[in-house]
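Participant: Sequence:
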Amino acid sequence: MIRYLALGLAFLASVILSGCGGGGSSSITPGLVTVIPVPGVTTGTLFSFDISAVDGAKRRMYYTNRNSQSVDVIDIPTNTFLKRITGGFAGCNTGPTCVGADNDKSGPDGLNLITGTTFIYVGDVNSVKIIDTTTDTVVKTIAIGGASGLRADEGCYDPDHKIFMINSPAESPPFATFIDVNTQKIIATLKFTDPGTGPTGPGSAGLEACVYDHATQTFLNNNDGSTANPRGEVDVIPAAFIMQGTPTVPVVLTLPVPTPANGFKIFPLGICDPTGLDLGPGTDMAVSCRQGNAGEHLTVEILDRTNGTLRATVPIGGGDQIAYDAPTNRYYLAASRWTRSGLSSGGCSAASPCTPVLAIIDAASRTLVQTAFSGNNAHSVGVDPVTHQVYMPFSSSTAPGGCETCFTVPTGGVLVFQE
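Position 379, counted from 1, in the sequence shown is what numbering that gives the first Met the number 0 calls 378; the numbers after and before it change by one each time, with no gaps.
Take the hints with a grain of salt, since some may be wrong.
Subject to a maximum C-alpha distance of 20 Å in a straight line, what follows is the list of computed SDA-like cross-link-like pairs (lysine to any residue) [to be verified]:
#1 LYS139 to VAL180
#2 LYS184 to GLY115
#3 LYS104 to PRO172
#4 LYS161 to THR140
#5 LYS161 to ILE141
#6 LYS184 to THR117
#7 LYS57 to ASP324
#8 LYS139 to THR182
#9 LYS139 to ILE185
#10 LYS57 to VAL137
#11 LYS139 to THR116
#12 LYS57 to THR79
Bear in mind the hints are in silico, worked out from the structure with no lab data behind them.
Please work from the sequences and hints to get the whole structure.
Facilitator: Right, dumping it as structure tokens:
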């Protein structure tokens, strides 16, 4: 069970414990370690953050911040805000307040640590920006998608072949870009149309998180919807297919019809509307569903990543990022759109409010073991592999609207939990 460890910011911690989140079996004493203030995030601020990542070796947590056009850095040993890394990030398309912003036209968005290097790859509007953590500066910008004004969003890294994949979900059709990290050049673009229909076929409804599986040498990608699976699927993409391209001769590809010979697979997700994705123990993988229609059950699906067999449907969802921590054998889900009823509100609003939680799933039993109150729009999560502390950025109580009981939390910041 989560144990209560709050030592600093006791008053604000008590406010969060009494007022924010809820639903299901939420603990009334979550293991809140601290609340880290973020410069510029004050009462009423619409804190427009996105994906989080933790570097256990450097003892740092990173997340993207559109308000400040930056990647923000948290120092893990002291659990304090350390610095901002800037370098031409787009920010919100409506300006630094981010009110009314279109996420598809704003950045930075996803970010990924490139293991074995000092680099972080960050998705931004029409680009990937590369940060060198030895100097904490943006050292290169790779152009993606021409001048569409749309973002490159979430990505994943293949350390076997040194390939970085990143999705551009709002393009028509949506596509993924594959970058050789040795040369920092594009080797392939994969357009997501219905399999076998070519570049002009019906396009995907969008793309979400991806992950690379060393065991099968494949990229696993959450696809928001195809003609065959309108509420979502996982597309399994062999790395060998992508490696048709090279830094000197990049290629443009489309999804083929899956066959045993070509190694492609498609795993239907049913009524899911997938967001986050991570690999679990054995051949498990967890897919975070954020069912979009009011009244639908919010869930996480755990599947066999070799054949798509559904192994468990966990009754918690409405989340975005999900992260697996191997030493604790837990999945941590940032369920920002969870509700008291466990049914989708169709989007958080005053009329149909959400009650955000951190959900903890035991990967061995594939069951929900606990939920802990989190903060407004807390859809991003990172886990420190050393301390196993969980980091979640969150926004102020009133912005965005639609958090049922977050009214007592005046400011945003970064929540730190520990089970």
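Participant: All hints, please: hold or fail.
Facilitator: Cross-check of the supplied hints:
no. : hint             : result
1   : LYS139 to VAL180 : holds (12 Å)
2   : LYS184 to GLY115 : holds (18 Å)
3   : LYS104 to PRO172 : holds (16 Å)
4   : LYS161 to THR140 : holds (18 Å)
5   : LYS161 to ILE141 : holds (16 Å)
6   : LYS184 to THR117 : holds (17 Å)
7   : LYS57 to ASP324  : holds (17 Å)
8   : LYS139 to THR182 : holds (11 Å)
9   : LYS139 to ILE185 : holds (13 Å)
10  : LYS57 to VAL137  : holds (18 Å)
11  : LYS139 to THR116 : holds (15 Å)
12  : LYS57 to THR79   : holds (14 Å)
Hint check: no violations occur; every hint is consistent with the structure.
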